[in-house]
Amino acid sequence: MKKYSYLLIPLGIGLLFDIFLHWTGHANLVLSARFDIGHVILVLGALSSLFLFVYWLGRFNNQKKTGLEIEKNRNLAQQEHHRFLKRLNHELKNPLTTMLSGLSLLDDMLKDKPEAGDLLVLLTNNTRRLSVLTDNINQLAEFNERSFEFVPVDLNRLLKEIIAAVLELPDYQERRIEFQIQKAPWLPHSVPGDEDLLTLAFYNLLENALKYSGQGDIIEVRLRESNKSLQVEIADTGCGIPEEDLPYIFKELYRGKTAQGKQGEGLGLAISKQVIDLHQGTIEVQSHTGENSGTVFTVHLPLSL
Amino acid sequence: MSTNKGSLLLVDDEEDILTVLSSFLERSGFKVSTAANGELALKKIEQENPDLVVLDILMPGLDGREVLRRLRQRSSITPVIMLTRVGNATERALALEEGADDYLNKPFDAHELLARINAVLRRVKAGEPSLASAWELVSENICLDRRERALFVNNKQVLLTPKAFDLLEFMMVHPGELLTRERLLESVWGWEYPLVTRTVDARIVELRRVLQDDPSIPVYIETVPGNGYRFIAAVGIKK
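Quick mapping for you: the protein sequence lines, in order, are chains A and B. With my numbering applied, the first sequence covers -7 to 297. With my numbering applied, the second sequence covers 34 to 272.
The hints are simulated quantities; they were obtained by calculation from the structure and are not laboratory data. Computed from a prediction, not measured in an experiment: that's the story for all the values here. Take the hints with a grain of salt, since some may be wrong.
What the hints assert, rightly or not - DMTMM-like, lysine to aspartate or glutamate: derived pairs with alpha carbons at most 20 Å apart:
{"#": "1", "chain 1": "B", "residue 1": "Lys38", "chain 2": "A", "residue 2": "Asp100"}
{"#": "2", "chain 1": "B", "residue 1": "Lys64", "chain 2": "A", "residue 2": "Asp100"}
{"#": "3", "chain 1": "B", "residue 1": "Lys196", "chain 2": "A", "residue 2": "Asp188"}
{"#": "4", "chain 1": "B", "residue 1": "Lys196", "chain 2": "A", "residue 2": "Glu134"}
{"#": "5", "chain 1": "B", "residue 1": "Lys196", "chain 2": "A", "residue 2": "Glu141"}
{"#": "6", "chain 1": "A", "residue 1": "Lys103", "chain 2": "B", "residue 2": "Asp142"}
{"#": "7", "chain 1": "A", "residue 1": "Lys78", "chain 2": "B", "residue 2": "Glu219"}
As the list claims (entries may be wrong) - Derived, one-sided and incomplete: chain A residues facing chain B with beta-carbon distance under 10 Å:
{"#": "8", "residue": "Lys85"}
{"#": "9", "residue": "Met91"}
{"#": "10", "residue": "Leu92"}
{"#": "11", "residue": "Leu95"}
{"#": "12", "residue": "Ser96"}
{"#": "13", "residue": "Asp100"}
{"#": "14", "residue": "Thr116"}
{"#": "15", "residue": "Leu122"}
{"#": "16", "residue": "Glu153"}
{"#": "17", "residue": "Ala157"}
Even glycine gets a Cβ: it sits at the ideal position worked out from N, Cα and C.
Could you build all of it, start to finish, from the sequences and the hints given here?
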């Protein structure tokens, strides 16, 4: 309240003048009026309203400042998080190099011991997994620092290409993905974006849909334009995501209960979300498990930035 | 164990890496010397005159880039392979300004290093100049100006998307080598997502269209089924 004490200055000045003028006998009559009790109460009410307004204004400004502080702190925290990931990655690469190269050497040295072969393959594969993981984490951290050049991206063409690519993977060659695109009143327009990053984002979402559904399940990709943004929905009738996992699925390395036993390090969705955030878009998920299970990811990308 | 495929100098501040790599490379027939810092590296290059230097960038004291700079200042043309974790833009800058012959991102497998060493030495032994630090590269009907980032086909400038240019540049600096999609993604895009190789294919399609290169009877870019691509035309430096 100390900040608002300046509000009392005019009152103080007025009071001082009043006292001074009366004291020196110069309180000439300026206006003679009669106030009945109703008027007095009205004036008191008006003054109270004025004070309440000032109080409210003060609180509003405070809230705004707090909101900005929170946003600033969140950004700082995220930057620090990414810097940490980069430092971690930096420390991991030398030992990983030693391990990968050492395993190659061992493989060569143990050529005459075929029983060692399987074990070496196991060790090498796992070391490679670590290597890929650190690279992916580094990518995620570097998204923050990259500068991007956005050009118009035709999602109609892009999504068709991604669907074709993902269905070429050995595990998914027998699967089907339906692509529905709005044709009326017009075909969806292009969105400003980085084509490679958007490819990555949607690729991960599609791969996710395929991973958590089976041969008999349906996967639909729907593209439509609504109200200054493009909407992409990727829906599947797979096993769904448990409710308790839903708030965390976009977090790096998070793997829910249904993910146990499946290949992957839990970065795909985190990367998709980062990319969509970078494009000033939004991504949401709805999912049910059990009877009638399924999941739908809804991505909105603005038509202009 | 045959020796004398050449002599190498390995430079890295991590002793373990030096131990493992020198063992591996010696078994592959090279004579290997090591140095754990930049100053020692420069001394050994002067004394031993290796056929090729493998140089880590991030070292305390004199880092890899500084070592390379001093080497080139002495007009040394010893081929250098840099070990580093660099993104694409930095790599290009290093190539053009400081004259490294190739890069390998950590972590890597010793076989990959061996393949790079062999590729660089093959070019050197054939008396071919290092393409990595040349400003303008020519091949058949095309001329690539790396400084201006312009491509000329039959002396007429043609437009390429930035990534397609980077891809062509990389392929022309590594002619004759089998370039897997993964390596291209890593070197040109700075990514390691082995599954999003579609991106590479799309740019190759663009390059073939611009170069009017028929994939069934290619002049420039050959598809190696199941593996990747190869730039098959001879590449030289514009005089």
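Now the hints, each set against the structure:
1. Distance restraint check for B:Lys38 and A:Asp100: the Cα-Cα separation of roughly 18 Å lies within the 20 Å cut-off, and the hinted pair is therefore satisfied.
2. Among the hinted pairs, B:Lys64 with A:Asp100 is consistent with the structure: their alpha-carbon atoms are about 18 Å apart, no more than 20 Å.
3. Of the pairs offered as hints, the one joining B:Lys196 and A:Asp188 holds, with about 10 Å between alpha carbons and a cut-off of 20 Å not exceeded.
4. Distance restraint check for B:Lys196 and A:Glu134: the Cα-Cα separation of roughly 18 Å lies within the 20 Å cut-off, and the hinted pair is therefore satisfied.
5. Note on B:Lys196 and A:Glu141: the hinted pairing holds, with a Cα-Cα distance of about 12 Å set against a maximum of 20 Å.
6. Of the pairs offered as hints, the one joining A:Lys103 and B:Asp142 holds, with about 18 Å between alpha carbons and a cut-off of 20 Å not exceeded.
7. Under the criterion of a C-alpha separation no larger than 20 Å, the hint pairing A:Lys78 with B:Glu219 is consistent with the structure, at around 17 Å.
8. Evaluation of the A:Lys85 hint against chain B yields a held restraint, the C-beta minimum of about 4 Å falling below 10 Å.
9. For A:Met91, the interface hint holds, the least distance from its beta-carbon to any beta-carbon of chain B being 8 Å, beneath 10 Å.
10. Look at A:Leu92: its Cβ gets to within about 5 Å of chain B, closer than 10 Å, so that hint holds up.
11. Taking 10 Å as the C-beta cut-off, the interface hint given for A:Leu95 holds, the closest approach to chain B being about 8 Å.
12. About 4 Å separates the beta-carbon of A:Ser96 from the nearest beta-carbon of chain B, less than 10 Å, and the hint is met.
13. For A:Asp100, the interface hint holds, since its Cβ comes within 10 Å of a Cβ in chain B; the closest pair sits about 6 Å apart.
14. The interface hint given for A:Thr116 is met, as the beta carbon of that residue sits about 8 Å from the closest beta carbon of chain B, less than 10 Å.
15. Using the Cβ-Cβ criterion of 10 Å, the hint placing A:Leu122 at the interface with chain B is satisfied: the shortest such distance is roughly 8 Å.
16. A hinted interface residue such as A:Glu153 counts as satisfied when its beta carbon comes closer than 10 Å to some beta carbon of chain B; here the least separation is about 6 Å, so the hint holds.
17. Here the hint on A:Ala157 is kept, as its CB sits about 4 Å from the closest CB of chain B, short of 10 Å.
Of the numbered hints stated above, none is contradicted by the structure.
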